[in-house]
Amino acid sequence: MAATTSDEKLLGLWASPYTTRVQLALKLKSIEYEFIQENLQNKSELLLQTNPVHKKIPVFIHGDKPICESLIIIQYIDDTWTNGPSILPSDPYDRAMARFWAAYIDDKWFPLLKELGGAQGDEARASIVEKIFEGLVLLEEAFVKCSKGKALFGGDNVGYLDIALGCFLGWIKATEIMTGIKWLDETKIPGLVGWAERLCSDSSVKDVLPEAQKLVELYTMSAGLEKGVSN
Amino acid sequence: MEEVKLYGFGPSPFSYRVIWALKLKGVKYEYIEENLPMKSPKLLQHNPVHKKVPVLVHGGKPISESLVILEYIEETWPENPLLPKDAHEKAMARFWIRFAEDKYPTLNTFFRTVGQDQQLAIKEALKVLQILEDQALGNNKFFNGNTVGLVDISFGWLAYWFDCIEETAGAKIIKSNNLPRLHEWIKNFKQIPVIQENLPSRDKLLAYLKTKREKILSCIFIPNGH
Numbered sequence: 001m002a003a004t005t006s007d008e009k010l011l012g013l014w015a016s017p018y019t020t021r022v023q024l025a026l027k028l029k030s031i032e033y034e035f036i037q038e039n040l041q042n043k044s045e046l047l048l049q050t051n052p053v054h055k056k057i058p059v060f061i062h063g064d065k066p067i068c069e070s071l072i073i074i075q076y077i078d079d080t081w082t083n084g085p086s087i088l089p090s091d092p093y094d095r096a097m098a099r100f101w102a103a104y105i106d107d108k109w110f111p112l113l114k115e116l117g118g119a120q121g122d123e124a125r126a127s128i129v130e131k132i133f134e135g136l137v138l139l140e141e142a143f144v145k146c147s148k149g150k151a152l153f154g155g156d157n158v159g160y161l162d163i164a165l166g167c168f169l170g171w172i173k174a175t176e177i178m179t180g181i182k183w184l185d186e187t188k189i190p191g192l193v194g195w196a197e198r199l200c201s202d203s204s205v206k207d208v209l210p211e212a213q214k215l216v217e218l219y220t221m222s223a224g225l226e227k228g229v230s231n
Numbered sequence: 001m002e003e004v005k006l007y008g009f010g011p012s013p014f015s016y017r018v019i020w021a022l023k024l025k026g027v028k029y030e031y032i033e034e035n036l037p038m039k040s041p042k043l044l045q046h047n048p049v050h051k052k053v054p055v056l057v058h059g060g061k062p063i064s065e066s067l068v069i070l071e072y073i074e075e076t077w078p079e080n081p082l083l084p085k086d087a088h089e090k091a092m093a094r095f096w097i098r099f100a101e102d103k104y105p106t107l108n109t110f111f112r113t114v115g116q117d118q119q120l121a122i123k124e125a126l127k128v129l130q131i132l133e134d135q136a137l138g139n140n141k142f143f144n145g146n147t148v149g150l151v152d153i154s155f156g157w158l159a160y161w162f163d164c165i166e167e168t169a170g171a172k173i174i175k176s177n178n179l180p181r182l183h184e185w186i187k188n189f190k191q192i193p194v195i196q197e198n199l200p201s202r203d204k205l206l207a208y209l210k211t212k213r214e215k216i217l218s219c220i221f222i223p224n225g226h
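Protein chains in written order, with UniProt numbering: chain A, 1 to 231; chain B, 1 to 226.
These are computed hints drawn from the structure, not numbers from a lab. Bear in mind the structure is a predicted one, so any value in this text is a computation, not a measurement. Among the clues, some could well be false.
[Unchecked claim] If we take Cβ atoms under 8 Å as the criterion, some of the chain B residues that face chain A in the derived model are:
id : residue
1  : Val68
2  : Tyr72
3  : Ala87
Where a beta carbon is used, it is the ideal one built from N, C-alpha and C, also for glycine.
I would like the entire structure built from these sequences, with the hints used as guidance.
What follows is the structure in structure tokens.
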């Protein structure tokens, strides 16, 4: 790898939605950075030094300061680069709603998708599938409230929740291909289906989200992908 | 001034996080005690997703999840700041707040177990506490530095509830000789007037925990010999 004096570095994995989150935020703020692809089977010294507690990616390094945890990194980027568009809403209540739903996505909803991968038996699978759809219905309601009639969770611009949920779109589509289940079903979640289409065609987003087909290939190659990937 | 209401539950350390933050900022609020496990219609209306306490309602708008509430309080009432101003320090504070949330189950597993399982749980809890001692607290008086902040509030349950949990479960984990700085932090944290004046009754908490542990253990199969 060529030596670089970039002040901004991102340690991550191209396929990890949590890495994608940070890449989206950096793209929105037009921040140039060096991307360092980690090998989770052989973690770099830099990763172990900058995230000694969890030893997980993504880690964003600004100068000599490391920041860990994707949602925390996004807030740091928003606090530090104030000339670009704001990622979090300006109103404290709207910010609280954004944080609430991001926590719901990370703590309750995305773990279900991961659970589906390991589910044994039709009954267990069916139960998880039902819970995933219930979660999507809740997120649909959240979209209606947060967007306030506009195109995205953040209104006219890509915001915190667009990033927090949008980062999973590659994996959602990959899972549709692998399971045959249509998660983005316009009869069930029309608001979110429209949102996903608009987000994926946004200039700041479309080149950053990993392609579903590439994720399918990766998943079928290695079952242990999620090991070592942080929130 | 829009009215502030807090729906909480006496023994819940999560409710107290919010109480401490509001009191430290001098915010007046009405407290409504929920009679868990029964949940009032208001609680279900204000927190339909998780149906849990605490819920803060400000000017009729509800906010759930204690850590989300803490950030909201910090942003809405900026007097007596509880988060650092510097962006990187703030990110570090948020990191430890998230750690407090993620590790809460690990720190409580010994309460839900007996015998060898409990011994293992105590070992895991000690690993987490050692990280707090060495990396989160370091040589500071408080996690926030010289004064308390949201990180201290997030870990506040360790300063009071943990000792009651230890007593109920028959284990002593945080001691002055194995985790001296954490042990000192516990003392300092409890001496802050707002904290001291806003803690649940120890007797009531112990009684609550005793019943809770009995219920949990009655569901565990205990093999012969334990």
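Going down the list of hints, with the structure as the test:
1. For valine 68/B, the interface hint holds, the least distance from its beta-carbon to any beta-carbon of chain A being 5 Å, beneath 8 Å.
2. A cut of 8 Å between beta carbons decides the hint on tyrosine 72/B: the least distance to chain A is about 4 Å, and the hint holds.
3. Because the smallest distance between the Cβ of alanine 87/B and any Cβ of chain A comes to about 4 Å, under 8 Å, the interface hint for this residue holds.
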